[in-house]
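Can you build the whole structure from these sequences, using the hints too?
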Amino acid sequence: MQSLTKGSAAFQDLFADFVQARVCGWRWQIGVVTQIPSFLEWSVANMLGRIRTVVLWILALLFIFITLNSNEPYLVRLRGTGHGALLIIGLAAPLLLMLGGRWSRGVGGRVLVLTWCVPLVALTSTQFMFAWRKYETFRTTPDVGRLLGRHFIVGYAAAEDAAALARQGLIAGVYVTHHNVRGRTEAQLGAEIKRLQSERQIAGLPPLLVSADQEGGRVAHLSPTLPNMPGLATLADLPAARRAHDAFEMGRTQGQALAAAGVTFNLAPVVDLRPRWTRNRLDFHTLIGQRAISNDPGVVGDVALSYVRGLEASGVRAAVKHFPGLGRVEADTHHFSAQLDTPADVLEQSDWRPFRQVLDNSHAAMMVGHVVVDAIDAERPASHSKAVLDGLIRGRWNYQGVIVTDDLVMGAIYGRNLCKAVVEALNGGADLLLVAYDGTQFHRVFACAKQALAEGRIDLDALRRSDERLTRWSEPGKSPPSDVSTYFDEPGSARNTIVD
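If you count by the UniProt record's numbering, then the sequence shown holds residues 1 to 500, one letter each, in order.
Hints in this document: simulated from the structure, not taken from any laboratory. A quick note: this is a predicted structure, and the numbers were derived from the prediction, not measured. Ideal placement from N, C-alpha and C gives every residue a C-beta, glycine not left out. Warning: the hint list may mix true and false statements.
[Stated by the list, open to error] Distance windows between CB atoms, simulated:
no.: 1; residue 1: Gln-201; residue 2: Pro-239; range: 44 to 50 Å
no.: 2; residue 1: Tyr-135; residue 2: Arg-416; range: 49 to 55 Å
no.: 3; residue 1: Asn-295; residue 2: Ser-337; range: 20 to 26 Å
no.: 4; residue 1: Gln-290; residue 2: His-245; range: 22 to 28 Å
As structure tokens, then:
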């Protein structure tokens, strides 16, 4: 009986311990459950904090990149109000981070705040460099400015900027495009160009070359302010006599519209042969398959020559483009380097035939693009290759007309050694260097030429020959401007001026 009582007591104790353990377990579980919302809240807050930190770092690095490159061509649309927004962000972001408190504590937070100060410094430095280059451009002595200025055509956003360059003889011409005519009438465009020409006349300088890309069809940068014409490719399948007549009339009609607005130099026609593809995935802007007249060199030459003669009948100069031809080139030179690996003898019998046909039978200039011609010069794009410009075009072809480069702001050339390209183009035989898409880059380009002249790296004989070609082409019967001749006759005085 006693043992039974002891067993019952032991059982009761064991049961009591079990119940107590279960109750404690239940309490613990209840406690855990009640803590879950707090834990989740803490986890979410911690995760959001980490995400916020990562986002702030990414944004800081992105803004540093943007501000360091704020004056580059790819970010041209950020100019003006965009730069103002960058300035506000650069001022506000570090201040808000410091006011937030937590970012001012700890090494990581302080480094982040300091990193957000970099965009403001970067933006200030890039704007200072741009202002300094512009200042240096306008303080160029007249003889040096006019000597080099005869070889640049420049795009502009504000007419006042173009007028300042024009009156000092720092440019030979201007390039007008979409933003110059957006929301404006033909009369307003004409009045603006007339004012620019008046600045030249008052300064006693030759008239500006006023250029545009008004090919017709897909590329008509002055339309709808000026009427657009169908592309020349629409004439390719007509009988020979009909297409020659229609191409001439198209050129004359388009030339009359351009001349009425004050445009004197049309960067057209396209004489590249039509490629076998209509659209290349990496071709974002050239789109030569949609602009080329035909894949038949004879048809291209006939249509282009008649069109050029129509332009010339209206008093507008033309430029055949884009030598050495983009029909076999898949890369878009607006963004990428490009090479042409076709043998020269094949190109002579095909892609180059339309160029020679038009150049031999008109007063057209020739635009040379930024494609590397492996058979002639595998190291440099054609636009600044002496072997191409002087050896092939001037030498073998005996072309003594005007050569204009494609836009120096294009990726195929701008991303390389731009200063080297500018000097080599001038020394190699190019007459006009085009700075179109982002005209503010002219100050950088001009600084390259100016420094090269000061260091004796500009071939003065090449410039003399170029000045003679430009005068024959733009002002038949006249001699090169006296200030340019004086520089050549007395190079010491002008050279000493720039060096000092």
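Hint-by-hint comparison with the structure:
The beta-carbon spacing between Gln-201 and Pro-239, approximately 47 Å, falls within the hinted interval of 44 to 50 Å. Against the hinted window of 49 to 55 Å, the Cβ-Cβ separation of Tyr-135 and Arg-416 comes to about 27 Å, which falls outside the hint. For Asn-295 and Ser-337, the hinted distance range of 20 to 26 Å is satisfied, since their beta carbons lie about 25 Å from each other. Gln-290 and His-245 have their C-beta atoms about 25 Å apart, which keeps the hinted 22 to 28 Å range intact.
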